[in-house]
Amino acid sequence: MKKILIQFDTDAMPSCFDRVVAVDAGVDDLFSYGGISTENVVGLVHGAIFTRGPGSLKNTAIFIGGSRVADGEAILRKVQASYYGPMRVSVMMDSNGCNTTAAAAVVAAAQHLDISATRAVVLGGTGPVGHRVAQILASQGANVRLVSRSAERAAETCDLIRTQTESGTLEPAGAATVDELLNCCHGRELVVAAGAAGVCFLPTGVLSQLGDAAVAIDLNAVPPVGIADIGVTDKAKVIGGTTCYGAIGVGGIKMKIHRAAVASLFEANDRVLDTPEIFSLAQNIQNA
Amino acid sequence: MKKILIQFDTDAMPSCFDRVVAVDAGVDDLFSYGGISTENVVGLVHGAIFTRGPGSLKNTAIFIGGSRVADGEAILRKVQASYYGPMRVSVMMDSNGCNTTAAAAVVAAAQHLDISATRAVVLGGTGPVGHRVAQILASQGANVRLVSRSAERAAETCDLIRTQTESGTLEPAGAATVDELLNCCHGRELVVAAGAAGVCFLPTGVLSQLGDAAVAIDLNAVPPVGIADIGVTDKAKVIGGTTCYGAIGVGGIKMKIHRAAVASLFEANDRVLDTPEIFSLAQNIQNA
Amino acid sequence: MKKILIQFDTDAMPSCFDRVVAVDAGVDDLFSYGGISTENVVGLVHGAIFTRGPGSLKNTAIFIGGSRVADGEAILRKVQASYYGPMRVSVMMDSNGCNTTAAAAVVAAAQHLDISATRAVVLGGTGPVGHRVAQILASQGANVRLVSRSAERAAETCDLIRTQTESGTLEPAGAATVDELLNCCHGRELVVAAGAAGVCFLPTGVLSQLGDAAVAIDLNAVPPVGIADIGVTDKAKVIGGTTCYGAIGVGGIKMKIHRAAVASLFEANDRVLDTPEIFSLAQNIQNA
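Residue numbers (numbering that gives the first Met the number 0), protein chains in the order written: chain Y, 0 to 287; chain B, 0 to 287; chain G, 0 to 287.
Please keep in mind that the hints were generated in silico from the structure rather than gathered at the bench. Because the structure is a prediction, the values reported are computed rather than measured. It is possible that some hints are incorrect.
Repeated chains share a single entry, so a pair holds when one copy, or any two copies, can fit it.
Claimed, not checked - The calculated DSSO-like cross-link candidates involving lysine-lysine, where the alpha carbons are at most 27 Å apart (straight line), are:
| no. | residue 1 | residue 2 |
| --- | --- | --- |
| 1 | K77 | K236 |
| 2 | K236 | K57 |
| 3 | K234 | K2 |
| 4 | K234 | K255 |
| 5 | K236 | K1 |
| 6 | K234 | K57 |
| 7 | K2 | K236 |
| 8 | K77 | K234 |
| 9 | K255 | K2 |
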């Protein structure tokens, strides 16, 4: 029986990136839908769950993507609410690559640090990727300082993460100027920048002032990047004693995680691959 | 040469249900178009008929679907009008599953009754599925009472069916209240409810009053169903002496018919699979 | 690794014609996008180039189609501007079949004439197909008279072609009436009509007056055709001493060129198949 992946993309044009990865992950038939909203997902899910017998449903799965992460999260809830008991298919959410990117960043850091004993700081921590990086780090026992321009939003995100994992410790912080941001980085072995496109947190020449940072990762693929001293293709490049990764530098790990996650959807018909599940998969790849 | 199925769907999102069935019917490449209307079908049909030699055209076929059956019928006419003599491909129309559902209902009934000697009643007989159930029953020699809230529309549909088949007998009836509907069912061995979603013809507890009904079939998959005593998953379940089927209860047969019909498109390049052809195929499956 | 073709179509419904040809050219997975504009192409190209390693990128390619040729040309430029150095994939432009049709016309003519020694006339020479026929003929050393209703636009197109090829000679001409058009055809061994749909240049009975024309080709597939004496299916049919081809008459060659061009995209990751490259491919097919 052919492996069918149904791509729900909230953008008008379903992501070409996600389509190529699906093919390379071994999907036989890919149904790509663009312009998906919570309004039109139920009928499509019913088409997915009512066309094959319960024993064969593991050969059908759903992938949720698109540039708007909050919309992807709403679609994921709607998809799960459309199942009927055992009539369900596995589903993965990776809007804007948020989960695979966050997982790849932590996997990269874990090659140099014992995450459970690490004091980390996440700049841009209230955005979809930053939130997930902080969530994964905390789930592995790290002490995480989550930074946003708004201290209030940083606190809200920390509260949310505490409902998602009981491990680690979370500490919100508000910071807007370079000095404030540098202050937040003091005493942190791991610095992750996960801001929106176009937001530069730390300008050129500042990296050397992160005296305690053993590892610095910038997840912005489009210049200007968040930590200007890091190049997008840097991969474990040591700059002034700090091991640095750019967005493309963690891209190889990210691609492996993405492909493995899609492939794993077809092992059962009840998988829900969101942040913790995708990180767990990433760890298995790393340890293999 | 690869088997290509071109899906013309009148809904914005091409049916996921029809796509999975196409894959499972052995289609190699599926071209799914949503938002199809009679305005944009000609160029696509020309693309289908002018790309492979006459001897190879049986490897290309068209499937017409979507929730609006009247639109599907118009598309079917337009597709056929776009052919050039022998430059044509096989085509199947099953908007909203109307033909495969109607065929499945009659096949289910025929496991318990000699249709040619059956007095049947079709509630909701002017809708797309009800119309087709009545048409198929008449074509097999049954005496069919076709019921609608409007006696006038029931008469119009009977007239239309008489142009589609010369067999059987048709008798229109108007009925709105439960008493009127029960009256229409008196003396009928087969009762089929094919109303629109949300329309309940016979409330709970009434089934036992259908004294003559050997078989009762409700084709509404979403509660409230048309005959409240029947469950959607009932499959030849005997309730008070009447053998009952719900929509999902005939779903297994429907799926087999759907798959077989799609597969048969690729046996020649000139098949037109509408109500009679799909029922004929359903009979062959049943007898095999 | 599977061969993926990404179809960028400027029409709302991606061409069914181009999809069938892609399948028959050996493409494993076809990603079809309709409604493509220069606004939405960059993200899709990045998805194409950043998902497979440099050594594997030859297994991904882009096909640009749709009815509006100028839009297709703009998309081609945008696609090429979206590459990053070696991170690129092969791309073919054939909006409205302009390149494969023009190449097929010249290949057909070359079966009867030495193009380098031919005096040719192209009616409707400023349209996308006429322009390309004239360009290819000039590139092969022909003397080309390019005819349009507007002498000024004919001159502009000739100037443009002179920037595209240094071979051959080009001579613009304005002609609107049948007499003026016939005048333009005098002394020409090859007459190609490449007007817009519905434009008839030479009415019935006029072909015999083209005394010098050894070959006449009409590329309009929908009646009324440009040279009324030629039938759309004529293929090397001799009419009054002139060897004639209609649009479907060159269709067999066109299809071979189209399939071969798509297949050749996957030989490397840096092919750009536009007019000269597609004609070069067409010659290889012809000589094989």
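Outcome of the hint check:
Taking the shortest Cα distances, K77 and K236 never come within 27 Å of each other, neither inside one copy (42 Å) nor across copies (33 Å). With identical chains, the CA atoms of K236 and K57 are never at most 27 Å apart, being 42 Å at best within one copy and 29 Å at best between copies. For a Cα distance limit of 27 Å, the shortest separation of K234 from K2 qualifies neither inside one copy, at 34 Å, nor across copies, at 29 Å. Proximity of K234 and K255 under a CA criterion of 27 Å is satisfied intra-copy only: 16 Å inside one chain copy versus 46 Å between copies.
When the C-alpha separation of K236 and K1 is checked against a cutoff of 27 Å, the pair qualifies neither within a copy, at 43 Å, nor between copies, at 33 Å. In this assembly of identical chains, K234 and K57 lie within 27 Å of each other by CA distance solely across copies; the values are 25 Å between and 37 Å within a copy. In this homomeric assembly, K2 and K236 never come within 27 Å of each other (Cα to Cα): the closest approach is 40 Å inside a single copy and 34 Å across copies. For a Cα distance limit of 27 Å, the shortest separation of K77 from K234 qualifies neither inside one copy, at 38 Å, nor across copies, at 30 Å.
With identical chains, the CA atoms of K255 and K2 are at most 27 Å apart both within one copy (19 Å) and between copies (20 Å).
In this structure, the hints that do not hold are numbers 1, 2, 3, 5, 7 and 8, in rising order.
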